[in-house]
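A.B. asks: Given the coordinates of chain U, work out where chain E should sit on it, guided by the hints.
There are 2 protein chains.
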Amino acid sequence: MALIVKKFGGSSVATPEKIMAVAQRVLREKGSEDKMVVVVSAMGDTTDNLITLANTLVGQPYTYAREMDMLLSTGEQVTIALLAMTFNKLGHPAISLTGPQAGIKTNSAYTKGKINNVNPVRVLEQLDKGNIVVVAGFQGSNGDGDILTLGRGGSDTSAVALAGALKADVCEIFTDVDGIYSADPRVVQDARRMKEITCDEMLEMARLGAGVMQPRSVEMGKHYSIPIHVRSTFTQDLGTFIREVCTMEEKEFIIKGVAHDTNVAKIGILGVPNRPGIAFKIFSTLAKANIDVDMIVQSIRNTDKDIIDMIFTIAQPDLPQTKKIVEELGKEMQVLGILIDDKVAKVSIVGAGMLGSPGIAANMFGALSDAEVNIEVISTSEISISCIIQADRVKEAVNAIHARFFPKNPE
Amino acid sequence: MALIVKKFGGSSVATPEKIMAVAQRVLREKGSEDKMVVVVSAMGDTTDNLITLANTLVGQPYTYAREMDMLLSTGEQVTIALLAMTFNKLGHPAISLTGPQAGIKTNSAYTKGKINNVNPVRVLEQLDKGNIVVVAGFQGSNGDGDILTLGRGGSDTSAVALAGALKADVCEIFTDVDGIYSADPRVVQDARRMKEITCDEMLEMARLGAGVMQPRSVEMGKHYSIPIHVRSTFTQDLGTFIREVCTMEEKEFIIKGVAHDTNVAKIGILGVPNRPGIAFKIFSTLAKANIDVDMIVQSIRNTDKDIIDMIFTIAQPDLPQTKKIVEELGKEMQVLGILIDDKVAKVSIVGAGMLGSPGIAANMFGALSDAEVNIEVISTSEISISCIIQADRVKEAVNAIHARFFPKNPE
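These protein sequence lines are chains U and E, in that order.
So the first sequence is numbered by the UniProt record's numbering: it starts at 1 and just counts up by one.
So the second sequence is numbered by the UniProt record's numbering: it starts at 1 and just counts up by one.
Here chain U stands alone, though its shape is the one from the complex:
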């Protein structure tokens, strides 16, 4: 007997036919003793259509955040009712619960709610009665009993949080890709689907630009020690398990993946007076403006010990505001110059094993060198190494690094 939470996104339940297919799949995969919770999103374009409707009426409907949540939460409610009916029609008892009914408690940040805790009394009751429990993803309620929708990737977070509170054996996330790959398969033809990845590695991959899973749901899985199985809606194959600690030793590869991110801009402040408090001044000013600084490199010039160069990277949407702040600071500090480059990208390797394996960094730099890709900035963490390169070389760079760490199988 297992307790399994399965989550299907909006494209998996977009039409009555697809809802029927989801129900049939769940019943096929359910052992007679298994307890099943199915978390679903709104059907296909429902959410977009509701937003359009509100926009027609009032323009900028997100101004009325509480009411947007009241509006948008109906989308998932429609899906759960239809899916629960379908299970019953197919002969298996099932019951639908809204996020609030399932005990998902959030803070009061309307339209981007965060789950505070999950008290799944009704879910457990209904599972004990032999029901498949169909829960609305993407929603919960605050202390006032108001309905909130969760932020981006909210349905995944609902599913993982619920799995955690239920002490489920696994949380299966069904999606339109069939797992987590060693690199973006659109960029690297030979990218491999991983059988397993640790939560920390997955979080680092996400932070460094690899999509698929939103960090919040992975953090939730780590917090509750729930394995997350990312797999395809369209095939029966196993996908990738995200676990706290990997169970198999995939010794073959020390690094788990190559990530890249083109949403990067590089700022250089050149010839900054080299005195205490300068870095604090620059980065506290940026922090106050809510600008997230990623890599930071401070370099001392051989020619002049009194000045330094300060180079850092930010996300591209923050560039206009950053530029303004940096130019003001530059004047104030009488620096030699400001350098702005939004035609850069970040390539990274991620792997929990690299700490005990010397030569990984050298191997990465070697691959880039062989591909004649110039490295502009380097930064390292416990489980990753990142390089800033010119954006037009990103494809070659990712492929060169991937080929170095994941040599083609002889067969």
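Everything labelled a hint here was simulated from the structure, so no lab data went into it.
The structure displayed is predicted, hence computed values, not measured ones.
Any given hint could be a false lead.
The list makes no distinction among identical chains, and a pair is therefore deemed to hold if it is satisfied within one copy or across any two copies.
Said to hold, decoys possible - Computed list of lysine-lysine pairs in DSSO-like fashion (alpha-carbon distance at most 30 Å, straight line): (1) 281 with 167; (2) 105 with 129; (3) 112 with 89; (4) 114 with 89; (5) 395 with 195; (6) 129 with 305; (7) 331 with 18; (8) 112 with 324; (9) 323 with 167; (10) 331 with 89; (11) 167 with 89; (12) 112 with 129; (13) 89 with 323.
C.D. replies: Using the frame of chain U, we list chain E on its own:
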């Protein structure tokens, strides 16, 4: 300062433009100190579309009554969110509440829930904060926290029950007719809009076939002593007030209206042995089959004191089942014959004042006689007199009676 509950049906909020018009009207009619609660239904065809969607998926979706309620209750939830946004957009603070959030508690009869009580804590809180409170009609929740939809005319009932619990000054029901008429205006050209009618008269009118208001909401208004004002969505005119006791003395007319009902079938059991317990036997058998018997006339034959004729009326949809039961009973009791007539109609006059006004019945029979309409069965209550006539004479009958009691104004 007044506390007013206004209810707008689905056709009044069918499009974004109509929702805007409702919001503008409510703001125009709101005194600066007034407290306003607005109860709304689902937009136009929303409910029908949801039923079609469920039907496509599972056929006969009402089999899954709990899930139908989960599904259908989203319709009103969309409207309340949009209307609350619109008030805010127009500059007046407003908040939406679902039926459950507004404290509307129901029994557990899914898809035809009945309101047990209303505990409008959140409504009062939000009114005190200066908000217009927009409440989803047609829904509430049971003790388990499940969402239920109410039966037919449920949004009216929501509005009146809420008005009662809030001790509102009035509950305004906006509809596509502009009040309660002395007869169906489609049948009687000279039908007059009443300024006032008592709850009992309105209930009797509804029971006798006059539409407009569902009896449950009128009963609720009587129970809570809340005046109900039935008026038009499309004009500013006052409509008809339904009150426990009329405040103006409309002495002019003793009767309030002429109702008719063609959804009637007449059953005769002829030559029934005249012994104790026979009536009990017939009508308890019908009651067990859940058949609602309306008028009952037992007549003794001059020619044979040992047998009687028993004539009664029922609603036409119950005819096939009634026929079967009556035929079995007839055999068992060895009656002389069974008479079935589904081509009859009932015409009635209603008025609380008729009790103290002799000659009203005679006047009605006279009007029918002058119009050469034959009366087949007569029955009377404290505030009504009904006659069964042939269905093809109903228009003449209603007009003749109406002309007798509501003579044309000289002007």
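A.B. asks: With reference to the structure, classify each hint as holding or not holding.
C.D. replies: Against the structure, the hints:
Taking the shortest Cα distances, residue 281 and residue 167 never come within 30 Å of each other, neither inside one copy (46 Å) nor across copies (61 Å). In the homo-oligomer, the alpha carbons of residue 105 and residue 129 lie at most 30 Å apart both inside one protomer (24 Å) and across protomers (25 Å), since each shortest distance falls under that limit. Proximity of residue 112 to residue 89 under the C-alpha cut-off of 30 Å is restricted to the inter-copy arrangement: shortest distance 21 Å between copies versus 35 Å within a copy. In the homo-oligomer, the alpha carbons of residue 114 and residue 89 lie at most 30 Å apart only across protomers (27 Å), although the nearest pairing inside one protomer, at 35 Å, exceeds that limit.
Taking the shortest Cα distances, residue 395 and residue 195 sit within 30 Å of each other inside one copy (25 Å), while across copies they are farther apart (79 Å). In the homo-oligomer, the alpha carbons of residue 129 and residue 305 never lie at most 30 Å apart, since the shortest distance is 74 Å inside one protomer and 63 Å across protomers. In the homo-oligomer, the alpha carbons of residue 331 and residue 18 never lie at most 30 Å apart, since the shortest distance is 60 Å inside one protomer and 56 Å across protomers. Taking the shortest Cα distances, residue 112 and residue 324 sit within 30 Å of each other inside one copy (28 Å), while across copies they are farther apart (62 Å).
Neither within a single protomer nor between protomers do residue 323 and residue 167 lie at most 30 Å apart by alpha-carbon distance, with minima of 48 Å and 60 Å respectively. With identical chains, the CA atoms of residue 331 and residue 89 are never at most 30 Å apart, being 71 Å at best within one copy and 43 Å at best between copies. Only within a single protomer do residue 167 and residue 89 lie at most 30 Å apart by alpha-carbon distance; the minimum there is 29 Å, versus 45 Å between protomers. In the homo-oligomer, the alpha carbons of residue 112 and residue 129 lie at most 30 Å apart only across protomers (25 Å), although the nearest pairing inside one protomer, at 34 Å, exceeds that limit.
For a Cα distance limit of 30 Å, the shortest separation of residue 89 from residue 323 qualifies neither inside one copy, at 60 Å, nor across copies, at 35 Å.
Checked against the numbered hints above, the structure breaks hints 1, 6, 7, 9, 10 and 13 and satisfies the rest.
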